[in-house]
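Following the hints, position chain S against chain L.
Next come the chains, spelled out residue by residue.
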Amino acid sequence: MPKTIAEKIFESHLVDEPFPGTKVLRLDVVLCHEITTPIAIDDLVRRNKDRVFDSTKIKAVIDHVTPSKDSKTATQAKILRDWARRHDIPDFFDIGANGVCHALFPEKGFIRPGYTVIMGDSHTCTHGAFGAFAAGIGTTDLEVGILKGVCAFRQPKTIRFNVIGQLPTGVYAKDVILHIIGRIGVNGATDRVMEFHGDTIAAMTMDSRMALCNMAIEAGGTSGICMPDMTTVDYLWPFISDEFESKEAALAEYGKWCSDPDASYEQVIDIDVTNLEPTVTFGYKPDQVKPVTELAGTKVDQIYLGSCTNGRLEDLRIAAGILKGKKLAPHVRGILSPATPKVYQEALKEGLMEIFMEAGFCITNPTCGACLGMSNGVLAEGEVCAATTNRNFMGRMGKGGMVHLMSPATAAASAIEGVIADPRKYL
Amino acid sequence: MKTFGGPALFLDRSDINTDEIIPAKYLTEITKEALKPYILEDLKLAGFDPKGETLKQARVIVSRANFGCGSSREHAPWVFEVNGINTVIAQSFARIFRQNMFNCGMLAIELPQADLERLFSLAGNDDARICIDIEAQSLALDAGGKTEEFVFQLSPFDKALVMAGGWVDYADRNY
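Listed in order, the protein sequences are those of chains L and S. Per the working numbering, the first sequence runs over residues 1239 to 1665. Per the working numbering, the second sequence runs over residues 42 to 216.
Chain L with its partners taken away, still in its complex shape:
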């Protein structure tokens, strides 16, 4: 029987079906960060079950608030750090080596096609870019994942998105996903897997696919998934070259995780991006989107480049391309948080950091920072931010603050003008 990628992964990882429609899956990777994991650790200790199912399958990072900003965040970091040491978790990333989880873990080669991945973080759907079933979960699911290596999910239903056409100049994966969320709404994919197909996706880099899958949760999606292809193999090659004779052999192996052509879907949505415009949110929900031309001129106080959506090298290159030789508008503050140390280092080598600094940006260490108003870059009451992040909820970046979500290009153009601006005139 033809199957979708999620159905194939569910079938191959099934541990138990305690009730019809409820599947308990074996986990390949359990990702952890310092905000949602410490309470799970504390509870395991309290239950006298301070164990991990497999220390090599657990990956942990301190990323949301780092370096610690106060005694409480220092305690959270300490709990995670001590736990990682206690259980000899080899892949633990602390200050100096740490970066935003959904950028860092893929960069380390931890995610492979066909994997099951969970993390106590809603944007875990990012990892679906590799053809994995990756889902955000809460602390209790995380706790069971750490202890038992399993997680329960409902049998997935899948919405297939056929995305076709060449992206116009100035239009990126971020604009595509904002457009899709605008079209189906913030709960348009609740309890659904969002499968991305079509020549637009095939032409996308892994950085772009991650930006796309990252925001599946903003439509309620359990996971966003792209089919593994040669782009996936090329990205993973430094990590898998010992496992396969050639890239073609890797592709043949990973190809078995692609959805069958005749798989059945709950819904199929066709999207032609040929005439898509740069897209920006205007309200407090990520489905409130408009073409940039309709919002151009809206005053902003802060520009934020970074986050698990758009803090990767590709994003920095795009923004720097627009900012080269330009300055921030006098009244705006620019903050750049490269997502990982590697992104930071590569950007330095390429001269991008010089461009950002010349433009007047403040460059922070890799961290989640302003995105969720927990760390550096919080907005004051009444302030507005043009951000490459994923969520524009009321007060998200600070009480009384307003966030407009957009691509790195649109954010860079907005930085120059001090108002929401169309990036196409700079390209």
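Hints may contain errors.
To be verified - Here are the simulated DMTMM-like cross-link-like pairs (lysine to aspartate or glutamate), alpha carbons at most 20 angstroms apart as the crow flies: (1) S:Lys73 with L:Asp1308; (2) S:Lys85 with L:Glu1619; (3) S:Lys66 with L:Asp1467; (4) L:Lys1287 with S:Asp210; (5) L:Lys1637 with S:Glu82; (6) L:Lys1395 with S:Asp199; (7) S:Lys66 with L:Glu1621; (8) S:Lys73 with L:Asp1280; (9) L:Lys1637 with S:Asp168; (10) L:Lys1241 with L:Asp1467; (11) L:Lys1637 with S:Asp199; (12) S:Lys77 with L:Asp1280; (13) S:Lys92 with S:Asp168.
Calculated directly from the structure, the hints in this document are not laboratory data. Small disclaimer: the values here were computed from a predicted structure and weren't measured.
Chain S in isolation, oriented as in the chain L frame:
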């Protein structure tokens, strides 16, 4: 097993998100109890006061579609739990929030829109109470001297989690 039902608080809006339920700045706490004062602190809704008596008394929250969207933070169900709220009734839930509720042994009940409209129309009183019978999968709203009953669906797995007191205990027994 926890007990369910009690005085109800009606939040008449869709898409109430986890940032509104418990702002991210409080995620630095490492105990559930520490979250208690910050419940629904950033929710802006006509007639709703996060410091008011109705919220203090509430054991059940009734809201609209897509309740709990946004973050995976289990702090959202926890801030309800430490404030004595054991049940959320809505037209629909975001997946992670909903699972977190059951994983904590709490109830996230989905009702069809027509039933919710009926609940909201009857609830114009501060004395609204909701009694819940899990076995019968029914709930009764008691408001303004009138009582009305509704039935709800509960998947066998969700019910098993509630009976077990949550997912950790369930998983511990079975895996």
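Problem set entry | Distance restraint between S:Lys73 and L:Asp1280, which requires alpha-carbon spacing of 20 angstroms or less | 11 angstroms, holds
Exercise. Holds or violated: S:Lys66 with L:Asp1467, Cα cutoff 20 angstroms?
Worked result: Cα-Cα ~40 angstroms, so violated.
For this session: Measure nothing beyond the straight line between the CA atoms of S:Lys77 and L:Asp1280; if it is 20 angstroms or shorter, mark the hint as holding.
Result: Distance of about 19 angstroms is within 20 angstroms: holds.
Problem set entry | Given hint S:Glu82 paired with L:Lys1637 - CA-CA distance at most 20 angstroms | Roughly 10 angstroms between the alpha carbons, so the hint for L:Lys1637 and S:Glu82 holds.
Problem set entry | Distance restraint between L:Lys1395 and S:Asp199, which requires alpha-carbon spacing of 20 angstroms or less | 19 angstroms, holds
Exercise. For the pair supplied as a hint, S:Lys85 and L:Glu1619, is the alpha-carbon distance within the 20 angstroms limit?
Worked result: Between S:Lys85 and L:Glu1619 the Cα gap is close to 14 angstroms, so the pair holds against 20 angstroms.
For this session: Verify the proposed pairing of S:Lys73 with L:Asp1308, using a straight-line Cα cut of 20 angstroms.
Result: 19 angstroms, holds
Exercise. Between L:Lys1637 and S:Asp199, does the CA-CA distance stay at or below 20 angstroms?
Worked result: 35 angstroms, violated
Exercise. Does S:Lys92 pair with S:Asp168 here, judged by a C-alpha cut-off of 20 angstroms?
Worked result: 18 angstroms, holds
Exercise. Hey, S:Lys66 versus L:Glu1621, does the alpha-carbon distance stay inside 20 angstroms?
Worked result: 17 angstroms, holds
Problem set entry | Given hint L:Asp1467 paired with L:Lys1241 - CA-CA distance at most 20 angstroms | 18 angstroms, holds
Exercise. Taken at face value, is the distance from the CA of S:Asp168 to the CA of L:Lys1637 at most 20 angstroms?
Worked result: 32 angstroms, violated
In summary, the structure is inconsistent with hints 3, 9, 11 from the numbered list given earlier, while agreeing with the others.
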